[in-house]
Amino acid sequence: MKFLFKWEWLPQLASGLVVTVEVTATCIAIGFVLGILLALARVYGRKPLSIPASIFIQFFRGTPLLVQLLIVYYGFPNWGIRLSPFVSGVLALGLNTAAYQAEYFRGAIQSVKKGQMLAARSLGMSLAQSIRSVILPQALRLVIPPWSNELILMLKSSSIVYMVTILDIMGQSMKIASRFFNYLDVYLVAALFYLALVLIVSLLLRLLEHRVQIPGLGVHADRR
Amino acid sequence: MTTPLLRVEDIHKRYGNEEVLRGVSFEVARGETKVFIGPSGTGKSTLLRCVNQLTPPDKGQVFLEGAEVTHHKADINRLRASMGFVFQDFNLFAHLTAMQNVSIGPIKVRRMHKEQAKARALAELERVGLGEKANAYPAQLSGGQQQRVSIARALAMDPKLILFDEPTSALDPELIGEVLEVMIELAREGMTMLCVTHEMGFARSVANEIIFMEHGVIVEQGPPQEMFTNPRHQRTGEFLRKISELYGETAK
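First to last, the protein sequences are chains A and B.
Counting from 1, one number per residue, gives the positions in the first sequence under the numbering used here.
Counting from 1, one number per residue, gives the positions in the second sequence under the numbering used here.
It is worth saying that the hints were derived from the structure and are not from the lab.
Keep in mind that the hints are not guaranteed to be accurate.
[Unchecked claim] Derived pair list, reagent style DMTMM-like, types lysine to aspartate or glutamate, alpha-carbon separation capped at 25 angstroms:
#1 A/Lys114 x B/Asp58
#2 B/Lys160 x B/Glu115
#3 A/Lys47 x B/Asp58
#4 B/Lys242 x B/Glu174
#5 A/Lys113 x B/Asp89
#6 B/Lys160 x B/Glu209
#7 B/Lys160 x B/Asp75
#8 A/Lys113 x B/Asp172
#9 A/Lys114 x B/Asp75
#10 B/Lys160 x B/Glu9
#11 B/Lys242 x B/Glu226
#12 A/Lys114 x B/Glu19
#13 A/Lys114 x B/Asp172
#14 A/Lys114 x A/Glu209
#15 B/Lys133 x B/Glu189
#16 A/Lys156 x A/Glu209
#17 B/Lys133 x B/Glu178
#18 B/Lys160 x B/Glu68
#19 B/Lys160 x B/Asp10
#20 A/Lys175 x A/Asp185
#21 B/Lys118 x B/Glu189
#22 B/Lys73 x B/Asp10
#23 B/Lys73 x B/Glu9
#24 A/Lys114 x B/Glu18
#25 B/Lys118 x B/Asp158
#26 A/Lys6 x A/Asp185
#27 A/Lys114 x B/Asp89
As the structure is a prediction and not an experimental result, all values here were calculated from the model.
All chains, please: the whole structure from these sequences, using the hints.
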């Protein structure tokens, strides 16, 4: 069997790569901000805040990402909300990852020692100041390993946006594949593109984890 | 008569079915050191936390210089800022250096300029003998050093009084002395201090009053000399003898 890779596929795949990075980066950023807010609502919020946050998280973790995407792109127009493919994709993926990230942030916030908050409050800091200056800086360090998994998962899950006509790596490779009637080779190359992205992202996050490590505490040291 | 610096009136606190504090009242004058002793589980630590509202009491009032701390409209953050709190397990901010631990309060709460706060933090660290550890992180310090940093952190806020919640209980025996030394120095300089501790050497040398608590109430209170030699309640005498055997020799 001969591998029939053609160099002319590359520009198209490269442009798909850029789109994949754009989609993933945008939805991860949305998920990051919203995820922190949801986690804070669940940990520190009173019921009017924490219950809606829980419902949001349950909904987006409990239903398939593909269904969520199709609802936004094909379903919303029924309510008169017409969104571009990019916005639909990024919105569905962003809300979905927000729910997952919220759970990781919640776990990290709750594993910061209780005394840290007490000490901050005893100095006269407000709850918001304590969260910003004491809890989050520690929680964000703790969350890096699980958060890395989520980012990698989103890089790969972002491939479903081809369903709403976005030309990411997946979308471009389907175009190429149907033009050349060569599915195996094109998809293998596409897989390699994803693999390369995942490896680079993992490496960067591991570097980040070491960079922000608290001196005297190992990356994986117990935190008493 | 002048108003006392701190007045605590009829504090009650219940956890579930257990009434930890059953009506505790006392007053603290400026510059006084009071030592709270008593068997574990008698609510001493809870009482300290009720004073600065880390644990809001169910009933009762706390007044700092006449201002009601327990009032629902009190600016609790401002009031807390003037009451230092030293925890049993230090609770230094793990992600900050010793210097940052001490300067964060002045910067965030007092809105002090960063450079000024740094200078202040360094001065306080030097006061507790840790000037050269300014850039160390908590995990790089011994327990005794961490506790001294936490005292410096309290001092940097110019507190009107400092609450010490068993400050030496989590320390190895050979590290207790360095913390007590700092506390004795503070007491002699006129800092108002409320200490939950069983370090009787400390109590004898600087306490103006020892308060003996049991089952959520104050059993007896008085100057150390009187409490040791001539307690009114048999139970006080027993307890003091017992803890003096255990802790009496640590600080002179």
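Checklist entry - In ascending order, which of the hints set out earlier in this document are inconsistent with the structure? => result Of the numbered hints, all hold.
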